[in-house]
Amino acid sequence: MLKSDRFLAYALILPVVAAVVAFVVGPTYNVATLSLTQVVMGMERGFGTLGNFKALAADPVFGLVLKNTAIWILGGTFLCVTVGLAVGTYLAIDSRMTGWLRALILLPWVLPDVVTAMAWKWMLHGQVGIIGQTLQSSGMTEGTVSFLGDPDLVMWVLVVVLIWRKMPLVALILCAAIRAVPDDQMEAARMDGANAVERFRFVTLPNIAFSLTAVTVISMIWITAEFALPWIMTGGGPANASQIMATYIYQQSFEFFNWGVASAMSVINLVMLASIVALYLYVNRRSWASEGQK
Amino acid sequence: MNEQPRTLYWIFLGFVGLVISLYVLFPVFWLFLASFKTQAELAQLPISFWPESPTLEAYKALFSPTHQKGQLLDWPQLIGNSFFIAISSTVIVLVFGTLAGYAFARLNFPGRDLILGGLLISRMFQGAALLLPTYRLMSMIGLQDSLIGLVLLYSAFGLPFATWIIASSLREIPKELEESAMIDGASRLQSMVMVVLPLATPALITASMWHFVGAWSEFAFASILLESNENKTVTIGLASFVELFTLEFQYVGAAATIVALPIMLVFFFGQRYFTRGLLAGAVKG
Numbered sequence: 001m002l003k004s005d006r007f008l009a010y011a012l013i014l015p016v017v018a019a020v021v022a023f024v025v026g027p028t029y030n031v032a033t034l035s036l037t038q039v040v041m042g043m044e045r046g047f048g049t050l051g052n053f054k055a056l057a058a059d060p061v062f063g064l065v066l067k068n069t070a071i072w073i074l075g076g077t078f079l080c081v082t083v084g085l086a087v088g089t090y091l092a093i094d095s096r097m098t099g100w101l102r103a104l105i106l107l108p109w110v111l112p113d114v115v116t117a118m119a120w121k122w123m124l125h126g127q128v129g130i131i132g133q134t135l136q137s138s139g140m141t142e143g144t145v146s147f148l149g150d151p152d153l154v155m156w157v158l159v160v161v162l163i164w165r166k167m168p169l170v171a172l173i174l175c176a177a178i179r180a181v182p183d184d185q186m187e188a189a190r191m192d193g194a195n196a197v198e199r200f201r202f203v204t205l206p207n208i209a210f211s212l213t214a215v216t217v218i219s220m221i222w223i224t225a226e227f228a229l230p231w232i233m234t235g236g237g238p239a240n241a242s243q244i245m246a247t248y249i250y251q252q253s254f255e256f257f258n259w260g261v262a263s264a265m266s267v268i269n270l271v272m273l274a275s276i277v278a279l280y281l282y283v284n285r286r287s288w289a290s291e292g293q294k
Numbered sequence: 001m002n003e004q005p006r007t008l009y010w011i012f013l014g015f016v017g018l019v020i021s022l023y024v025l026f027p028v029f030w031l032f033l034a035s036f037k038t039q040a041e042l043a044q045l046p047i048s049f050w051p052e053s054p055t056l057e058a059y060k061a062l063f064s065p066t067h068q069k070g071q072l073l074d075w076p077q078l079i080g081n082s083f084f085i086a087i088s089s090t091v092i093v094l095v096f097g098t099l100a101g102y103a104f105a106r107l108n109f110p111g112r113d114l115i116l117g118g119l120l121i122s123r124m125f126q127g128a129a130l131l132l133p134t135y136r137l138m139s140m141i142g143l144q145d146s147l148i149g150l151v152l153l154y155s156a157f158g159l160p161f162a163t164w165i166i167a168s169s170l171r172e173i174p175k176e177l178e179e180s181a182m183i184d185g186a187s188r189l190q191s192m193v194m195v196v197l198p199l200a201t202p203a204l205i206t207a208s209m210w211h212f213v214g215a216w217s218e219f220a221f222a223s224i225l226l227e228s229n230e231n232k233t234v235t236i237g238l239a240s241f242v243e244l245f246t247l248e249f250q251y252v253g254a255a256a257t258i259v260a261l262p263i264m265l266v267f268f269f270g271q272r273y274f275t276r277g278l279l280a281g282a283v284k285g
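Chains as they are written, first to last, in my numbering: chain A, 1 to 294; chain B, 1 to 285.
Among these hints, one or two may not hold up.
[Stated by the list, open to error] Have a look at the derived ranges for each label pair, beta carbon to beta carbon:
| # | chain 1 | residue 1 | chain 2 | residue 2 | range |
| --- | --- | --- | --- | --- | --- |
| 1 | A | V25 | B | T275 | 27 to 33 Å |
| 2 | B | R272 | A | A70 | 49 to 55 Å |
| 3 | A | L281 | B | Q68 | 39 to 45 Å |
| 4 | B | G117 | A | I93 | 34 to 40 Å |
[Said to hold, decoys possible] If you want the ones that stay clear, here's a sample from chain A, every Cβ over 10 Å from chain B, calculated:
| # | residue |
| --- | --- |
| 5 | G26 |
| 6 | A58 |
| 7 | Y250 |
The hints are simulated quantities; they were obtained by calculation from the structure and are not laboratory data.
Heads up, the beta-carbon is just placed ideally off N, CA and C, and yes, glycines get one too.
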């Protein structure tokens, strides 16, 4: 290898590495140190305290935020993957309609969050929303339902919207995995008299197991990072009933200017993300290993 | 299978397909329809499906400096800002992503795979947890409430993925093509620009489409960094309707249509490239 090649390489990657260090690595480090600093009205008053984490733990909303975040991430990921698997299985069928749908289904995925939030807010409107009106006129509910105003309901309604937005990509990835299942295995199972359910369970599922695990972890990362959708739809309300980590961080940072608590919550969020990423790397170790050999 | 169950099977499949298309399209379509309805029609029950007397009033209002809604925010300016941010950061990402992608694909250097892996992992940490430190960083370097600041930020967020997409596609182009160009007397730079890049065009299109869509749609960081009205972007403009309007959903519908339009155009015309990047990107998150 030429020595000049090495210098050229470092020069070529320098802008990218510098940008990531400046805008991702730097801020991550910064928020970590901030969380250990006493902050009063935006002024830093002494490093080396766990006071922010204690204040966060003492915040009566904190427990609620954890519970909502659990519904958001675990409920969201579970539904995203199960619905995605069902839709993906359907999309894997060969026909003109499914081919066309495979292209169309990504639409929710590419639309801006803000547009999605507005579209669903309008459909879920308490008085003139089409979903409430349809349920009422078909006799399934008495009167209208305040989907985003009911503290017991709101988190799950948000999860439904989240599924609309994130499921398509899961479905497409699983569809691609299902279509890559070797035909001869499928044919052999059919010859042995396996019915559709058995073929799915014993041929398809083992073949797509890797994609399924990977897509579960990736969905978890997307859902943990998702902020705009819940924030615009409810702003964490009513009365914090839909407050999740991401919206709580935003609210504490930029509405209440509680930088100490906000940075402590950010660090918890980052640690969570890091654990999921570690899980992802573990699940994906096979493809990372093959990457190095190219 | 005999004839009858077969027909039933296809009818069933068609029905499922119809339900899925409705599920995917309806929320967007419904908001689009609202943009042509009148105030009275939106508030009336039972709900009317098609606009009774379709009107462009909501669109005109947003673009009219004399109308109350048009006065609140200058929509032509918002659209201009969003295009400026999305296009400039796409150009930056494309140029520097190509340079770095070339290094990762073609040159051998210590730490290559580790650095590329680290870049990809950094992509996964760009959520709400970075809002506060980014705000502090931007105010410190004086790029808060500045379009340039947002361009730099989005470029930093988008570069790892673009680099990775471009690097993977360059790896598939045979080295020999480039080497023969160099034997013919071309410099490394010449052979890269004249021989390699034309072959990598699909990857470049994929990377720029992805970045454009992401930059145009971004809301969280724009909303904490941009303060003055003349610097705001379309997503912030649309989100500001939350507090301002209750049943005046024709304006929300019109604004949402404007925000969604460039994305839909990119999506429908670049379908092929889009899915390609998606399936590639999915493997690595």
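Evaluated hints:
1. V25/A <-> T275/B: 27 to 33 Å: The hint (27 to 33 Å, Cβ to Cβ) holds, given that V25/A and T275/B are roughly 32 Å apart.
2. R272/B <-> A70/A: 49 to 55 Å: violated, 39 Å
3. L281/A <-> Q68/B: 39 to 45 Å: violated, 53 Å
4. G117/B <-> I93/A: 34 to 40 Å: holds, 37 Å
5. G26: Given that some Cβ of chain B is not farther than 10 Å from that of G26/A, nearest at about 7 Å, it is violated.
6. A58: holds, 20 Å
7. Y250: violated, 6 Å
In summary, the numbered hints that this structure violates are 2, 3, 5, 7.
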